[in-house]
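> Grab the two chains, each in its own frame, and use the hints to assemble them into the complex.
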Amino acid sequence: MAQGRKGKLNYRCPRCLIREIDMDMLYDQEADEYYCLRCSFTGNEQEVLRLNAQFRDKYRDRTRRITDF
Amino acid sequence: MSFYINIIHRPEMVPEYLQKGAEEGKQEDLARGTVIQESLDIFRIQQQTAHDNGLRTTIQMTYSSLFNNEAVALAREHHQRFGDEIGSTFLGLQCHEFRNKFKSKELAIWLFSMDDKRKIVDEVFNKFHEVFGFYPTSTGSYYMDAELVNYIKKQYPMIKIAIATCWEEGPKAYRNANNSWYTIFDGSPWNPWIPSKHNIHCPASDEEDDIGIVAIPHLSRDLLAVFDGPGSYYGAHPQNILRGMVYEDHEIPYFKNLVDQYRSMIRYNRGYAYNMMYVGPGWMSKNGRWEADYDFLLKSYREGMAYYGQLKKEGEAIDVTMSEFADIYRQNRPYTRPECTLWKDILYGSRRQFFWYVDPWMRFCLDMNEGGAIIDLRPYAARLIRPCGVGTRHIQDASYPFLVQSLYRAGYFTHYAGEGAVKSCKFSHKEEEVDLCTCRTLASFSEEGNIRTVTLDPVDIEFDKFTIRVQSVFRLVEGTGEIEIVRRIIDATGPEAEITIDEYITGCYGTTEYPEDLTGIRLSLKGISENKSIEYAYKCREAEISDIIEAEAIIPQISTRLTMRTDTKGAAGYFREGFAFSPMYTIGIKSTVKEKGELRTWLKVEKAS
Numbered sequence: 058m059a060q061g062r063k064g065k066l067n068y069r070c071p072r073c074l075i076r077e078i079d080m081d082m083l084y085d086q087e088a089d090e091y092y093c094l095r096c097s098f099t100g101n102e103q104e105v106l107r108l109n110a111q112f113r114d115k116y117r118d119r120t121r122r123i124t125d126f
Numbered sequence: 017m018s019f020y021i022n023i024i025h026r027p028e029m030v031p032e033y034l035q036k037g038a039e040e041g042k043q044e045d046l047a048r049g050t051v052i053q054e055s056l057d058i059f060r061i062q063q064q065t066a067h068d069n070g071l072r073t074t075i076q077m078t079y080s081s082l083f084n085n086e087a088v089a090l091a092r093e094h095h096q097r098f099g100d101e102i103g104s105t106f107l108g109l110q111c112h113e114f115r116n117k118f119k120s121k122e123l124a125i126w127l128f129s130m131d132d133k134r135k136i137v138d139e140v141f142n143k144f145h146e147v148f149g150f151y152p153t154s155t156g157s158y159y160m161d162a163e164l165v166n167y168i169k170k171q172y173p174m175i176k177i178a179i180a181t182c183w184e185e186g187p188k189a190y191r192n193a194n195n196s197w198y199t200i201f202d203g204s205p206w207n208p209w210i211p212s213k214h215n216i217h218c219p220a221s222d223e224e225d226d227i228g229i230v231a232i233p234h235l236s237r238d239l240l241a242v243f244d245g246p247g248s249y250y251g252a253h254p255q256n257i258l259r260g261m262v263y264e265d266h267e268i269p270y271f272k273n274l275v276d277q278y279r280s281m282i283r284y285n286r287g288y289a290y291n292m293m294y295v296g297p298g299w300m301s302k303n304g305r306w307e308a309d310y311d312f313l314l315k316s317y318r319e320g321m322a323y324y325g326q327l328k329k330e331g332e333a334i335d336v337t338m339s340e341f342a343d344i345y346r347q348n349r350p351y352t353r354p355e356c357t358l359w360k361d362i363l364y365g366s367r368r369q370f371f372w373y374v375d376p377w378m379r380f381c382l383d384m385n386e387g388g389a390i391i392d393l394r395p396y397a398a399r400l401i402r403p404c405g406v407g408t409r410h411i412q413d414a415s416y417p418f419l420v421q422s423l424y425r426a427g428y429f430t431h432y433a434g435e436g437a438v439k440s441c442k443f444s445h446k447e448e449e450v451d452l453c454t455c456r457t458l459a460s461f462s463e464e465g466n467i468r469t470v471t472l473d474p475v476d477i478e479f480d481k482f483t484i485r486v487q488s489v490f491r492l493v494e495g496t497g498e499i500e501i502v503r504r505i506i507d508a509t510g511p512e513a514e515i516t517i518d519e520y521i522t523g524c525y526g527t528t529e530y531p532e533d534l535t536g537i538r539l540s541l542k543g544i545s546e547n548k549s550i551e552y553a554y555k556c557r558e559a560e561i562s563d564i565i566e567a568e569a570i571i572p573q574i575s576t577r578l579t580m581r582t583d584t585k586g587a588a589g590y591f592r593e594g595f596a597f598s599p600m601y602t603i604g605i606k607s608t609v610k611e612k613g614e615l616r617t618w619l620k621v622e623k624a625s
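Keeping their order, the protein sequence lines are chains H and B.
Going by our numbering, the first sequence opens with residue 58, and the numbers climb by one from there.
Going by our numbering, the second sequence opens with residue 17, and the numbers climb by one from there.
The set of hints was computed from the structure by calculation and includes no laboratory data.
Do not rely on the hints blindly, as some may be mistaken.
Unchecked claim - Pair by pair, the computed Cβ-Cβ distance ranges are:
| hint | chain 1 | residue 1 | chain 2 | residue 2 | range |
| --- | --- | --- | --- | --- | --- |
| 1 | H | Q86 | B | F150 | 46 to 56 Å |
| 2 | H | N101 | B | F461 | 47 to 57 Å |
| 3 | H | D89 | B | D138 | 50 to 60 Å |
| 4 | B | D138 | H | A110 | 46 to 56 Å |
| 5 | H | A110 | B | E478 | 32 to 42 Å |
| 6 | B | M174 | H | Q111 | 48 to 58 Å |
| 7 | B | F83 | H | L94 | 28 to 38 Å |
| 8 | H | D114 | B | I411 | 18 to 28 Å |
| 9 | H | I75 | B | I411 | 38 to 48 Å |
| 10 | H | F126 | B | L423 | 20 to 30 Å |
| 11 | H | N101 | B | I506 | 57 to 67 Å |
Said to hold, decoys possible - Calculated lysine-lysine pairs in the DSSO-like style (CA-CA distance at most 30 Å, straight line):
| hint | chain 1 | residue 1 | chain 2 | residue 2 |
| --- | --- | --- | --- | --- |
| 12 | H | K63 | B | K315 |
| 13 | B | K213 | B | K169 |
| 14 | B | K272 | H | K115 |
| 15 | B | K360 | B | K329 |
| 16 | B | K135 | B | K213 |
| 17 | H | K115 | B | K446 |
| 18 | B | K585 | B | K446 |
| 19 | B | K302 | B | K121 |
| 20 | H | K63 | B | K442 |
| 21 | B | K121 | H | K63 |
| 22 | H | K115 | B | K329 |
To be verified - Here are some, though not all, of the chain H residues that point toward chain B, as calculated from beta-carbon distances under 10 Å:
| hint | residue |
| --- | --- |
| 23 | N67 |
| 24 | I78 |
| 25 | M80 |
By construction, the Cβ of each residue, glycine as well, lies at the ideal position given by its N, Cα and C atoms.
Just chain B, same shape as in the assembly (with noise of 0.2 Å):
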């Protein structure tokens, strides 16, 4: 049983939140001696209250701070003193000497054109070799795009882990920073993981599709929260707690909270668990940040601190640099190896559960308060390369895509224009019809052998004249990319009583709350005797055939296919065009039984040729 934590730090000279917002009417001054002396004491701050804590860090260079003698000269003594690592970041670029070679304000590596970041990427590694006489091993940023680490792992082969997204930061972060906060990536692992070559959210499939570092994600978050809201708010990073105002009295017992349920992963996970922390120096600004004056900002930085170091003092954490928890990630770690997390609300005070799973074919979340219906899913099966920056067709949106995504788009509807994106299913007997989206409940998660399942609790559905009992079961066999979903009917008031139970999917596709244009997605149906095929083009159009085999939706937008298949004998299949004023597409499988029937199905993304 290990949990794992890396702490973070970098000596940013100029911090985003110091040079301008924090004192009204100055202009921008990249050198004003008072905010980098003000940076590099928070900076020292930091690394004494880890220190102090019995902690080690990962002190990660900002190129400004490359060209400060003093920053520089801390890394090293720290380094020596302490064993900390000395790594390099491309957050913190801007200062006199970068704005001279690029002539550019741009702060964001993943934004640049890939001209530019491979020249910014050989003049960091460079500039650093000339300090420290050698290259880093780790770096990162909050986004780290698959061009670009493919380039710094051909050049700089030593690199073997990167700070490489912040977990669902996407369109709720730009909206909460007013719009103009340009990190626009949802669709990430929460855990570290091997990216693919191809696409920096996809877990590599294989040696062959494996990057070569280790990615780690900006922060480990709430997976309930922040999927709905501001993922500034919700983290294990004091200062976004404050930001998000969770505590009373100065009192901060959620980050707490949060580091346990992060511990409890070990369940999930083979008795591995990790957590990080990385706060810059304009979090904990003299001024204040957030409401909060430097006196709260700081006790909050000590306070979590401390309880890392406690937990370390107690056997119950390993403190470890990044390269060092690279090197321990690779160890008997397979390609096929799920993450998988079965989450409950810290902080409304609702008993709600997402179960969260991540491995090479895709990342899906499942709420049991909508009865275990699937709210996230996205393809990384399809592989996507899809390139950010300037000159590249998506400049800033560097979400991975999603088929289902309910927040985004309407989820089980609760107005009568038309359907949102979610997988579920649906019981129904003559006129009535339930959908287990409306049935709350708990789950619990088991594991044998290379097969996970999630249980939920039985929910009662009740029909006019009859009750019945149904259980939910979700299993999920490691290396197959398949979701196998078990509807159970376990008990019934009206034993006689014919129900139809009918497993569905109602998916879209995106990365923002917008529609895209589905036109030319093909709907298929595939049967023992008949088959049936649309391209999707706003018509409303519906089909069902009988002695269904499979049901399939491929929307080629993403390359992906998407499939449900059952072995359920005289099952049949459907699928379900929309209009532009619902722009969703469905598919299901549906089954009658009597009495303690089911109907199992198997969902699975691939990529479509």
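Just chain H, same shape as in the assembly (with noise of 0.2 Å):
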């Protein structure tokens, strides 16, 4: 298997950002996948894109200007 790298923009695992471990992961690009030595999490962009997304589903807030102190 191919060594692993860094891929762009130093993607954090989203599996274990959900539980707020930042923990970047390697790129592997024989497979095209990313993946994490923690959680076992691998995942090409799109998938971790998605569940990035997920994370900020949380903050429901995170588009509303608040005003009102």
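Put into structure tokens, the structure is as follows:
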């Protein structure tokens, strides 16, 4: 198998991110997938982005400008 | 009404994140020209962004930047042209010169031995003087322990302000970085304070205790999100917010919401509020960071700075340098004056509120989602001398110990086997019992003279045959070191029913999630006609006496005396020892009332002799 390298934009593992652990992934060019050394996640960029969007869902006010304090 | 802003930049020649992390496969090279140039470019962009928005900055020169003519020239020029302050920082120590002199790869000033700390301080400040011809008046790091600051103040008395801690950067930050980031220092104030000579976390109690500087936190953080989540996701640091992914379609309203909530603190602090932004160049790497490309990193920084600039133009903010702020802060600031704020959720879409309070005696937090339960309590009155760094007992653990930290130690208990650390109140009738922790509510703040009051909206407690309406009020008389807590039944559908009001605190001590040895903690009850006392030995013992004067826990491990007292006649007091699977102690006071009765208690923390 190919040597793992840093991917573009140092994607963190989305599964670890959901439990608030910043774990940079390695990228396998041959398999075109990212993989996590901690939780065994594997997935391509599309899968990472899908899970990252899921992570952001907990911020229900992330698009809201709040001015009433 | 004044909202002060500190904008701080540092020319970091070898940024923590750029040197090895962003460029795969290259060996460490402290003098790599491309990294230094990129870092300086980012520093230049940061400075320009501030100046374009009419804002002045504090330039904290790193040790490595003192050897770089371009960085020194930039600092001089910006000081002359824009009035920026040139200060010093203990971040960014590592460079060839440092390695040659100190033979160490250590990057954190607070983690060196005390002997090394002294040598490094002398080297950094004297190099600064050699380059600029004067000593700095501001300094900082992620953490500055009291022993380090005491030395600095003795040798360099011109220092008047330092970035001294990162708020709630403790076990959560360590875990967030895959257990590899050794900034473990929970327990400080979230806004500027004058620290104690004994422990940097504690506000000084008087002139004699005054360490001689004003401390500011590293970043203005979200006081709700960071209590549970990583500090490096939620603060007045645009790239932290990107790290936390608090955005959608490259829009980040959260930054402005956060700044505005800090602005609102004028309501709780006699017209004063504060905010700081401090972004190291490594956070704006040209290679991108945290799933964000350089354009997004830059956009976030520019928008953040533009908002500060807009506030300044509208007369809503005053930009000051660190040393200017120190002078302002010390004007008319009695040592006993607390800092407090009623913080509301701006992230998760709940209506949750926390009330945070800091004075020289304690720090605590009320959670309105738990009926006003105290979910964090730090006994500053103990003034714990707790040095950190190599050669001390707590090398990396620089947190100030808690008596209650409900997230680290379970809090209101949701499973069957034991208890968690929390301060709350229970209402019971015969076999039925309801804890206020299960009664969500909201609060309001008021101030009259030297009394600050948090009044909670009433909550309804339903028993089998009737309902009572209960209101909680917390009164804080400045300078007493006590929390007065009133639990009042203001209405009842069963007026003849007897209700027992049980005010209690379940505590422990520690700095992390893991239990400490409670052996030897003394639990005592002092009543009008009898006293009872035990030394903690995990034996599950309990005691209760009538006509209580005071219930007490002395925790010798952290030199702290915790007491509850009441003025309610005929009230009973009790203590409860835990066991090894429930390493907690409880002291409480209870009273039985009919109809619209109340129980008034006072909670106090003191130094145990």
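> Are the hints correct? Go through all of them and say.
Against the structure, the hints come out as follows:
Between H/Q86 and B/F150 the beta carbon distance is about 54 Å. The supplied range of 46 to 56 Å therefore holds. Between H/N101 and B/F461 the beta carbons are some 51 Å apart, a value that agrees with the proposed interval 47 to 57 Å. H/D89 and B/D138 have their C-beta atoms about 54 Å apart, which keeps the hinted 50 to 60 Å range intact. For B/D138 and H/A110, the Cβ-Cβ distance of about 51 Å falls inside the hinted range of 46 to 56 Å, so the restraint holds.
Take H/A110 and B/E478: their Cβ atoms lie about 41 Å apart, and the range 32 to 42 Å holds. The hint said 48 to 58 Å for the Cβ distance between B/M174 and H/Q111, and at roughly 52 Å that hint holds. As the Cβ distance of B/F83 to H/L94 is approximately 37 Å, the hint placing it in 28 to 38 Å holds. Between H/D114 and B/I411 the Cβ separation comes to about 39 Å, which falls outside the hinted range of 18 to 28 Å.
Taking 38 to 48 Å as the suggested C-beta distance range, the pair H/I75 and B/I411 does not conform, at roughly 32 Å. For H/F126 and B/L423, the hinted distance range of 20 to 30 Å is satisfied, since their beta carbons lie about 25 Å from each other. The given range of 57 to 67 Å is respected by H/N101 and B/I506, whose C-beta atoms sit roughly 60 Å from each other. Simply put, H/K63 and B/K315 have alpha-carbon atoms about 24 Å apart, close enough for the 30 Å limit, and the pair holds.
Restraint check for B/K213 and B/K169: the C-alpha separation of about 10 Å stays at or below 30 Å, so the hint holds. In summary, the hint linking B/K272 to H/K115 is supported, as the alpha carbons are separated by about 19 Å, within the 30 Å threshold. Under the criterion of a C-alpha separation no larger than 30 Å, the hint pairing B/K360 with B/K329 is consistent with the structure, at around 27 Å. A hinted pair counts as satisfied when its Cα atoms are at most 30 Å apart, and B/K135 with B/K213 qualifies at roughly 20 Å.
At roughly 41 Å between alpha-carbon atoms, H/K115 and B/K446 are farther apart than 30 Å, so this suggested pair is violated. For the proposed pair B/K585 and B/K446, the alpha carbon gap of about 21 Å is at most 30 Å, so the pair holds. At most 30 Å may separate the alpha-carbon atoms for a hinted pair to count; B/K302 and B/K121 meet this at roughly 25 Å. A hinted pair counts as satisfied when its Cα atoms are at most 30 Å apart, and H/K63 with B/K442 does not qualify at roughly 54 Å.
Of the pairs offered as hints, the one joining B/K121 and H/K63 holds, with about 24 Å between alpha carbons and a cut-off of 30 Å not exceeded. With a C-alpha separation of about 35 Å, the suggested pairing of H/K115 with B/K329 is violated against the 30 Å cut-off. Because the closest C-beta pair between H/N67 and chain B is about 7 Å apart, less than 10 Å, the hint holds. Annotation: H/I78 was flagged as interfacial toward chain B, and the flag holds, the nearest CB pair being 6 Å apart, inside 10 Å.
Checking H/M80 against chain B: minimum C-beta separation of about 5 Å stays under 10 Å; hint holds.
Going through the hint list in order, the structure does not satisfy hints 8, 9, 17, 20 and 22.
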